[in-house]
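Asks: Residue numbers (the numbering used here), protein chains in the order written: chain G, 1 to 188; chain F, 1 to 312.
Hints in this document: simulated from the structure, not taken from any laboratory. Every residue gets a Cβ at the ideal spot worked out from N, C-alpha and C, and that includes glycine. Incorrect hints may have been included.
Unchecked claim - Computed list of chain G residues with no C-beta within reach of chain F, every gap over 12 Å:
1. A63
2. F75
3. E86
4. G105
5. G129
6. T136
7. T137
8. P158
Said to hold, decoys possible - With a straight-line cut-off of 27 Å between C-alpha atoms, the simulated DSSO-like cross-links for lysine-lysine are:
9. K52(G) / K132(G)
10. K175(G) / K77(G)
11. K77(G) / K299(F)
12. K52(G) / K147(G)
13. K175(G) / K216(F)
14. K216(F) / K96(G)
15. K122(G) / K96(G)
16. K299(F) / K172(G)
17. K118(F) / K172(G)
18. K77(G) / K297(F)
19. K122(G) / K77(G)
20. K149(G) / K297(F)
21. K109(F) / K77(G)
22. K149(G) / K216(F)
23. K297(F) / K52(G)
24. K216(F) / K77(G)
25. K112(G) / K100(G)
26. K172(G) / K77(G)
27. K113(G) / K172(G)
28. K77(G) / K100(G)
29. K297(F) / K172(G)
30. K96(G) / K109(F)
31. K175(G) / K147(G)
32. K122(G) / K100(G)
33. K216(F) / K132(G)
34. K299(F) / K52(G)
Said to hold, decoys possible - Here are a few chain G residues that face chain F, going by a calculated C-beta distance under 7 Å:
35. T54
36. V56
37. A67
38. K71
39. A78
40. L79
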Amino acid sequence: MNIKHPKHALAATLLLTGTFVAQAQERYFTRTGYIAFFSETPMENIEAHNYKVTSVWDASTGAVEFAALIKAFEFEKALMQEHFNENYMESNTFPKATFKGTFSGVTADQLKKPGTYTVEVKGDLTMHGVTKPVATTGTIVVDQEGKVKAESTFVVSPEDHDIEIPGMVRDKIAKEIQVQVRIDYQLM
Amino acid sequence: MRQLFIVALLGVATALPAQDDLLSLLGEEEEDLVVLTDASFKTTRVINSHSLENVAHGVLDFKIGHRFGFLNEGFNEFFGLDQATIRLGLDYGVTPELMVGIGRSSYQKTVDGFVKYKLLRQCDQGCNMPITLAGVAAMSMNTQEEEDLPWYDPTVENYFSHRLAYSFQLIAGRKFSESFTLQLMPGLVHKNLVPDSTYAHDILNMGVAGRIKLTKRVAINAEYFYVPPDMLEEGYYNSFSIGFDIETGGHVFQLHATNSTGMFERAYITETVGQWSEGDIHFGFNISRVFTLHDPKAKARERIREQEQGEG
């Protein structure tokens with residue numbers, strides 16, 4: 001582009017700014033996402049809830065990221081929470097769990113009208129300093145008011161993330177932990 | 001004009017961060033989340049003394065404290081194992097900051113009670129508080145038969161108030177790292193009855209305690225209480241204790257060596273008869289078992305569950 005005239009420059013600037021704005025409108029985010037996990041064994045059922053999950057999803061590319069502060073998981077028993085942080089997740093060393101991946105199966109345009117879409121979720125989950133691939137399906141619901149909600153469940157294994165479980169409590173902690181994710185996205 | 005264009009281009013380019021770091025778009029706001037430091041000690045006692053920790057809100061802690069006899073009593077007393085001094089206690093977390101407790105010791109058949117309140121709480125993130133500060137107010141009451149009282153004298157009238165003693169303590173400490181915690185405990189023990197007017201009713205003391213975590217579930221604890229020599233009655237010494245904390249899920253076992261017999265403030269701070277240098281060492285243990293009586297977050301969880309079902 002050869003810009004000799006001020007008008008051209010102005011046009012170029014507007015054009016570029018315009019694409020930026022358009023792109024920004026396809027990004028969704030939350031700071032108050034919800035992640036819960038459930039460990040079920042005949043000995044004991046354990047669950048924990050985190051209401052402060054952050055996520056950004058760029059619907060134009062499908063790229064999505066999540067971060068959950070480990071210390072923000074709330075347990076029924078205070079001692080479980082302490083042990084979860086201190087002995088299992090070592091949250092002072094590894095304060096966050098993150099997921100970087102993609103949602104595929106829904107376009108940015110589809111999100112502008114009400115509907116329910118099934119998406120494939122693929123990416124890498126980093127937890128306790130260990131990164132493992134995760135693949136699951138999720139549901140995106142756009143309601144009548146245009147609010148975008150995402151939901152998914154998947155399974156993680158403590159062993160895959162080098163989370164050591166001593167023999168004494170091995171019967172009380174499930175080998176496969178069910179994880180539930182529920183996000184109310186907002187436009188960025 | 002060309003420069004303007006370049007500036008505009010640069011502006012746009014910087015406004016579009018790399019796609020692989022979407023979360024950075026949210027900035028650092030999540031750092032506002034306050035994360036309080038926890039697990040400075042495995043339990044609410046270092047050994048005899050209070051630690052920086054309280055039991056959690058709604059949690060009841062049943063404590064069994066046990067001290068065998070002195071190690072130097074020799075084979076006939078099986079190195080102290082023939083004798084036992086115990087304290088049974090119940091602690092409860094009324095709020096996240098307030099804890100109350102009662103106990104009954106075999107040492108002079110004493111009942112004790114305390115209130116412990118966290119005035120300041122150290123946090124890892126979201127506030128700038130570097131220390132935890134707690135206050136403990138405790139009271140103890142000797143319930144022995146009159147003739148059994150250590151100060152019993154048939155020619156002197158005994159008042160109920162003679163059986164009472166009080167302790168006030170500040171606990172200031174910091175969890176410096178995952179493995180190291182240190183606390184200072186300036187305090188005062190008030191005894192309603194002392195042998196004669198040359199002794200102080202108010203006994204100042206300074207405690208220091210710390211722990212070093214060896215593994216995720218095992219730590220070494222130690223504590224020492226200094227009392228100015230002119231305030232200590234004759235035949236009594238400063239208290240020093242050292243031991244291990246071993247955590248096994250719902251229980252914490254503390255195994256230790258100490259020269260103190262009693263397990264409440266008046267007894268271990270001002271009435272320690274043992275001397276480490278003479279081998280007057282008690283082997284002892286504390287067992288702590290917690291029960292969640294009340295779950296303060298249950299209602300909030302229930303509400304969210306109902307909300308989800310309403311939507312679903």
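Asks: Quick check: which numbered hints come out false for this structure?
Replies: When the structure is compared with the hints, numbers 1, 2, 3, 17, 19, 21, 22, 27, 28, 30, 31 turn out to be violated.
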